[in-house]
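So the sequences go chain by chain: L and Y. Per our numbering, the first sequence runs over residues 2 to 100. Per our numbering, the second sequence runs over residues 1424 to 1602.
Read the hints as simulated data drawn from the structure, not as lab findings. Just so it is clear, the structure is predicted and the values come from calculations on it, not from any experiment. Virtual Cβ for every residue (Gly too), placed ideally from N, Cα, C. Just so you know, not all the hints are guaranteed correct.
[Claimed, not checked] Covered stretches of chain L (in silico footprint by chain Y; criterion: 3 or more residues with CB under 8 Å from a CB of chain Y, positions within the stretch not fixed):
| hint | region |
| --- | --- |
| 1 | 20–26 |
| 2 | 41–53 |
| 3 | 56–65 |
[As the list claims (entries may be wrong)] Among the chain Y residues that face chain L by a calculated CB cut under 10 Å, a handful are:
| hint | residue |
| --- | --- |
| 4 | LYS1481 |
| 5 | TRP1483 |
| 6 | GLU1534 |
| 7 | ILE1592 |
[Stated by the list, open to error] Distance windows between CB atoms, simulated:
| hint | chain 1 | residue 1 | chain 2 | residue 2 | range |
| --- | --- | --- | --- | --- | --- |
| 8 | Y | SER1479 | L | LEU65 | 18 to 28 Å |
| 9 | Y | LYS1497 | L | GLU19 | 34 to 44 Å |
| 10 | L | GLU19 | Y | ASN1474 | 25 to 35 Å |
| 11 | Y | ASN1435 | L | THR9 | 33 to 43 Å |
| 12 | L | THR9 | Y | ASP1494 | 30 to 40 Å |
| 13 | L | GLN16 | Y | ALA1475 | 28 to 38 Å |
| 14 | Y | ASN1435 | L | ALA49 | 20 to 30 Å |
Here's the letter readout for the chains.
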Amino acid sequence: MKQMNIDTKLDLLKQISEVDAPPFLLTRIRQQIQNMANAEAPVKWKWAFALTSIIILLFNFSILLKTGEPVEKQDTQNSGIEKVINSMNLSTSNQFYHD
Amino acid sequence: MKDQLHFETIYNEHKNLVYNMCLNYVLNKEDAQDITQEVFVKIYQHYDQFNASTASLKTWICKIAINHCLDFLKSKKTKKRFGFIGSLFHADSNEPIFNAADIDHPGIKSENKEALTDLLLVIHSLPENQKTAIILSKLENRPQKEVAELMNTSIKAVESLLQRAKQGIQKKLDKNEGI
């Protein structure tokens, strides 16, 4: 009985009629598509950005390769630094306070 | 999509279908116009992804429209609940999204407006999948097979959803009458 009741109530929905889409909608859609096309960066700019990024990366990589010297060389450099520290009587300890 | 003429053919063939579907979901002509616009822009942008072997163009367009409408309703519900904090605590609640004053459906005739408004408010307070099943099968008079295809589910599942939706509507209508 209740099932029949609800079906009758839902039949009320059939009274909602279909309507036509407003005619200005296509113009609005065309405009939005046009705006999006204009907002997009040109291909030349995209390539320029990609090339610049690659150049920066390569430059960084080359600097990293140059500074990554062998350990022996670093040791000789350290000994040079130690000589300077000793000549100037500087402390090489990381502690702030001496016991 | 590169061909404007082809797009306009698609638009002219499906504009009323999409607009009426949006109206049935959002119950307001301004919002329905905005969503219809978004749907066709999406169709224009993603037409390359349409695969005719898996679904018809009509089904593909309807699915895009349904998803847009459901997303719109979700965002409306979130905004209504005073922003982000509220949504954290009441994410699954079925609190109504619409008031009677929000409804501006041009397909509703004035003589039945009150009864239809009450019924639509109850339908729109149902959980998402039950609401979709009712809208597609009762408001748009689609066969259950088509509803199942649009909802990516089986006909049995659609039957079950409709059954539960009807029970939910009946319960809510009885409660409203009680008040």
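Go check the region 20–26 of chain L versus chain Y for me, would you? Three or more residues, Cβ under 8 Å, otherwise it fails. holds (count 5)
Hint says 18 to 28 Å; check whether the CB-CB distance for SER1479 of chain Y and LEU65 of chain L agrees. 56 Å, violated
Less than 10 Å between beta-carbons is the criterion; does TRP1483 of chain Y satisfy it with respect to chain L? Hint on TRP1483 of chain Y: violated, closest Cβ of chain L at ~17 Å, above 10 Å.
Verdict for LYS1497 of chain Y, GLU19 of chain L (Cβ pair) under range 34 to 44 Å: 26 Å, violated
Against chain Y, does the region 41–53 of chain L show at least 3 residues with beta-carbon separation below 8 Å? violated (count 0)
Assessment of proposed distance window 25 to 35 Å (beta carbons of GLU19 of chain L, ASN1474 of chain Y): This hint holds: roughly 29 Å between Cβ atoms.
Interface hint status, LYS1481 of chain Y versus chain L (Cβ within 10 Å): Status violated, d = 15 Å.
Should the hint that ASN1435 of chain Y and THR9 of chain L are 33 to 43 Å apart at their CB atoms be regarded as holding? 37 Å, holds
Holds or violated: ILE1592 of chain Y as interface residue toward chain L, Cβ cutoff 10 Å? 6 Å, holds
Using a Cβ cutoff of 8 Å, are there at least 3 residues of the region 56–65 of chain L near chain Y, or does the coverage claim fail? violated (count 0)
Do the beta carbons of ASN1435 of chain Y and ALA49 of chain L sit within 20 to 30 Å of each other? 41 Å, violated
In this structure, is the beta-carbon distance linking GLN16 of chain L and ALA1475 of chain Y contained in 28 to 38 Å? 36 Å, holds
Hints 2, 3, 4, 5, 8, 9, 14 from the list above are not met by this structure, while the remaining hints are.
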